[in-house]
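There are 2 protein chains.
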Amino acid sequence: MASVNWSRAWGSYLQTNLRWTGTQASRPICFSPLENTLRCFAASRRASSFGASHRDGGVQPDGNHHLPLKVNRERLMETLHETCAWGTGKRWGQASTDTGMSRLTLSDSDKKARDWFVGTVEALGCRVTVDAIGNVFAVRPGREEGAATFAGSHMDTQPTGGRYDGILGIMAGVEMLRILQENDVKTKFPVGVVNWTNEEGARFPYSMMGSGVWAEALPLETAYNLRSVTGESVTLKSELERIGYLGNVPASFRSIPMGAHFELHIEQGPILEAERRKIGVVQGVQAYKWFTIEIEGRGLTPVRKDAHTGTTPLANRSDALLLASKFMVHGNRMATKHAALVSTGILTLSPGSTNTIPGSVRLSLDIRAPRNETVEEVEAQLRQDFAHLAAGKDIGSLHQGGTLGKGEFSVSWRTDSETTATVFHKDCIKCAREAAADVLGAGSDGLVRDVVSGAGHDSVYASRICPTTMIFVPCRDGVSHNPAEYTSPEDCAIGAEVLMNSVLKYDAMRS
Amino acid sequence: MASVNWSRAWGSYLQTNLRWTGTQASRPICFSPLENTLRCFAASRRASSFGASHRDGGVQPDGNHHLPLKVNRERLMETLHETCAWGTGKRWGQASTDTGMSRLTLSDSDKKARDWFVGTVEALGCRVTVDAIGNVFAVRPGREEGAATFAGSHMDTQPTGGRYDGILGIMAGVEMLRILQENDVKTKFPVGVVNWTNEEGARFPYSMMGSGVWAEALPLETAYNLRSVTGESVTLKSELERIGYLGNVPASFRSIPMGAHFELHIEQGPILEAERRKIGVVQGVQAYKWFTIEIEGRGLTPVRKDAHTGTTPLANRSDALLLASKFMVHGNRMATKHAALVSTGILTLSPGSTNTIPGSVRLSLDIRAPRNETVEEVEAQLRQDFAHLAAGKDIGSLHQGGTLGKGEFSVSWRTDSETTATVFHKDCIKCAREAAADVLGAGSDGLVRDVVSGAGHDSVYASRICPTTMIFVPCRDGVSHNPAEYTSPEDCAIGAEVLMNSVLKYDAMRS
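Which chain is which? The protein sequence lines are A and B, in order. For the first sequence, the residue numbers in full-length UniProt numbering are 1 to 511. For the second sequence, the residue numbers in full-length UniProt numbering are 1 to 511.
If you are wondering where the hints come from, they were derived from the structure by calculation, not from laboratory data. By construction, the Cβ of each residue, glycine as well, lies at the ideal position given by its N, Cα and C atoms. Be careful, since some hints might not be right.
To be verified - Calculated cross-link-like contacts (lysine to aspartate or glutamate; reagent style EDC-like; alpha-carbon spacing at most 16 Å): (1) Lys-112(B) - Glu-82(B); (2) Lys-406(B) - Glu-273(A); (3) Lys-430(A) - Asp-450(A); (4) Lys-337(A) - Glu-376(A); (5) Lys-111(B) - Glu-82(B); (6) Lys-406(A) - Glu-275(B); (7) Lys-112(B) - Asp-98(B); (8) Lys-406(A) - Asp-394(A); (9) Lys-406(B) - Glu-373(A); (10) Lys-406(A) - Glu-273(B); (11) Lys-337(A) - Glu-373(A); (12) Lys-237(B) - Glu-418(B).
Stated by the list, open to error - Every beta carbon over 10 Å from chain B, so not counted as near; a handful from chain A, in silico: (13) Ser-96; (14) Val-139; (15) Asn-225; (16) Leu-246; (17) Tyr-288; (18) His-308; (19) Thr-336; (20) Gly-352; (21) Thr-354; (22) Pro-358; (23) Lys-430; (24) Arg-433; (25) Arg-449.
Claimed, not checked - Coverage of chain B stretches by chain A, computed from C-beta distances (three or more under 8 Å per stretch; other residues unrestricted): (26) 264-274; (27) 284-291; (28) 328-336; (29) 364-372.
When you get a sec, could you build the whole thing from the sequences and use the hints?
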């Protein structure tokens, strides 16, 4: 990979360590006048878009101040975009990199990206392990033996995905390895980067699959037998074999232990951008439950009443779609009241004709909240209120002024999936918070916030085994799983620096 | 056809005429004691289910009272069920006649039913004309030349239709011809029965097609070129030729004039049954407009926001389905307020995933009311209110307590079809009301009501050319277009008698 080497790494890694352990010898790195000039230039460029003062506290022209280790932003972005040649997706803008990604897991494109990753990290002095589910672990030795502190994410994408979801986390990990290598940084314990297999679940339908197998949450054989949903007659295992990533090391944390797992990821939501934040320190992943609700309108006889819109007075209807509408309006109100999320993404009805009142409706219901208890509360409330609405009792004045009709309704709930809340590790969160403060300098308070991830990530499974957290950076309009997914080079670099310094802080605090 | 001939017709046809014209000679029909006994027995049997007193006024044991002409109920039902051997559909109950019908227009089954119709009415002394669109007109001569007073309906059905929709009207017409023949009744002008082609529009997609061509509302060539929607590569014209019903008489009221058109039909709605009425005298057909409404949620950039349900706070959403839900609740309220009907029968959304907020929704909207002005009012109100709701203004407290989100929405309306209200003819309505009173006897007030048809019928087109009305009889649960569609033999017979006596009254009042 070509890289622009205008910036040399600097930092006060060992001095930072002292803050944590109080036992490491200090070896300040001194900078030449040219290097100091470049550092100030880079810092002011980066700071310009969110207030120059924010980074000033961390940059001193004398070079003796404690600095967080920096990444090479240009190299980071060049590497990211160059690897996006494997699986380039739909174009959304005019620039050469204004395209999305379509790099389905274990495809030829994924193989090329994996081959590049292995070659790159091996050249940086890492030992590479491929496990039986194709997870690729790159480990850079530390001064002591032990499980590595990992940066991890994934390089597979959605069929119409973008260049940042997952990919940024891996590229930031590779950049971390480069910076450590260039600066000859010796960490206490090994430091690693892991590329998890099939995070997206888009081609083989199980998301966060590789980390799930590693965490022993998903049986290996179940994963092996997943069949492609894109019409090919292949299994996940046959594709692992085909592209040469069916490793011979057991896919388990017992064979490949981790000291900790840090994951840099785009937010995939709008909060950071809306609040002009640069970093979200992820406290955990919210709980969610998915349901399918079926509403069946019934007449007074066993005959199903898909009645005629023209000949059936309002009072004689069993309009399942009207009732479903009230459910959705009420669900939104209860979500607002409980500070939860209630969403319907799928709604089908029968029979589906302009002049026939729908006799049956099926809708999805997705309830999420940071706390398990909130999800349970909202579910219990909605079960009760939907039953009352179906029975004609008025909830929230939804029946008022209208005519639900005399028809009876049966409402059934099916629980499709349930994921309890994930709480990330306080030590990892502390490292990430401090790294963000170091990277963003004075005034970082306004640029960093705690967030709860709305979506699942490999870190959910990693957190079951080892201390884990995630670092979020803003993405434009909160858009993800879309070719136009975008995070600015500046934000990518800030995120990569926070990731690297979190890993180093955690390494330093380990005993 | 086999027929049970236990009942002989009787009536006071000519005396009834006197009431209308004051010029007809009276020729009372005298009954034998046995006939009187049978009449009283039949009347009490029929009356038993809705109060024996209701018919008593019209039945006098002395046989000299003015009586409406009666049908042979057993023969009517036997004929109906026997002809339903051609195109028998799905079974819904245990009895031999507990099946629906699947007699698509111009199918082999339809040909058999048509052949039976032609043979039967010719044997009853009618002249049969088949026009260029396959409408079959049977005309029984009167004392004077002139356009016939017709009973009309259709014998084609929906693919999963029942035994009464359309079919009852034709069977009642045939029974009328039999009664007139058996009693050697001489009408003033000719009396006829017409079987219209393709009323349902189920196989060739244009409903009320044959009457539409006859009324010159639909060009013959357009109808000829209709293609089957069931996967065959045939046109309507090729099927007319194939089954031998491509007539050589121009399909137009100019070639085949009508004095009037009366249509007996099942209500296809629940009103008569709910109010325990026996006859609905149809005042007209309500106006309706059909629309397709598209809601598109928009972010702040051109990127479409099909946002993630887990990562997108309520306030940052453009939830097109939530907005659509409010439209439907509000539509129902406005329908209630204006005594109109507002219905959504089709709703599709995109992209359709449990964890993706729908960015776009398309829904059908069907607005109906007896008066054109009401339809226009409701449409105008909904256009205004939907726009306000989409813009975040609260209408009817629908936004209250919930969170619509900051997203912008575009809402577009497309008008798919528009049918202005049909007003039936006052003379026909008068005849039907009086015939109902005669048939149901004293107490008929509580058994008859004026109704407005919610659905279209061949009578809509007929009414553009000649005086027209319809007579409705109850159907169980208001269910139609369903195998389990059902009207009791008693109600079929009452309807057939009202039809016959309406035709005779109208004939008598014509000058």
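Here is how each hint holds up against the structure:
{"no.": "1", "hint": "Lys-112(B) - Glu-82(B)", "in the structure": "12 Å, holds"}
{"no.": "2", "hint": "Lys-406(B) - Glu-273(A)", "in the structure": "14 Å, holds"}
{"no.": "3", "hint": "Lys-430(A) - Asp-450(A)", "in the structure": "11 Å, holds"}
{"no.": "4", "hint": "Lys-337(A) - Glu-376(A)", "in the structure": "14 Å, holds"}
{"no.": "5", "hint": "Lys-111(B) - Glu-82(B)", "in the structure": "15 Å, holds"}
{"no.": "6", "hint": "Lys-406(A) - Glu-275(B)", "in the structure": "14 Å, holds"}
{"no.": "7", "hint": "Lys-112(B) - Asp-98(B)", "in the structure": "21 Å, violated"}
{"no.": "8", "hint": "Lys-406(A) - Asp-394(A)", "in the structure": "14 Å, holds"}
{"no.": "9", "hint": "Lys-406(B) - Glu-373(A)", "in the structure": "28 Å, violated"}
{"no.": "10", "hint": "Lys-406(A) - Glu-273(B)", "in the structure": "14 Å, holds"}
{"no.": "11", "hint": "Lys-337(A) - Glu-373(A)", "in the structure": "14 Å, holds"}
{"no.": "12", "hint": "Lys-237(B) - Glu-418(B)", "in the structure": "27 Å, violated"}
{"no.": "13", "hint": "Ser-96", "in the structure": "19 Å, holds"}
{"no.": "14", "hint": "Val-139", "in the structure": "32 Å, holds"}
{"no.": "15", "hint": "Asn-225", "in the structure": "24 Å, holds"}
{"no.": "16", "hint": "Leu-246", "in the structure": "31 Å, holds"}
{"no.": "17", "hint": "Tyr-288", "in the structure": "7 Å, violated"}
{"no.": "18", "hint": "His-308", "in the structure": "6 Å, violated"}
{"no.": "19", "hint": "Thr-336", "in the structure": "5 Å, violated"}
{"no.": "20", "hint": "Gly-352", "in the structure": "5 Å, violated"}
{"no.": "21", "hint": "Thr-354", "in the structure": "4 Å, violated"}
{"no.": "22", "hint": "Pro-358", "in the structure": "6 Å, violated"}
{"no.": "23", "hint": "Lys-430", "in the structure": "24 Å, holds"}
{"no.": "24", "hint": "Arg-433", "in the structure": "21 Å, holds"}
{"no.": "25", "hint": "Arg-449", "in the structure": "13 Å, holds"}
{"no.": "26", "hint": "264-274", "in the structure": "holds (count 6)"}
{"no.": "27", "hint": "284-291", "in the structure": "holds (count 3)"}
{"no.": "28", "hint": "328-336", "in the structure": "holds (count 6)"}
{"no.": "29", "hint": "364-372", "in the structure": "holds (count 3)"}
Going through the hint list in order, the structure does not satisfy hints 7, 9, 12, 17, 18, 19, 20, 21 and 22.
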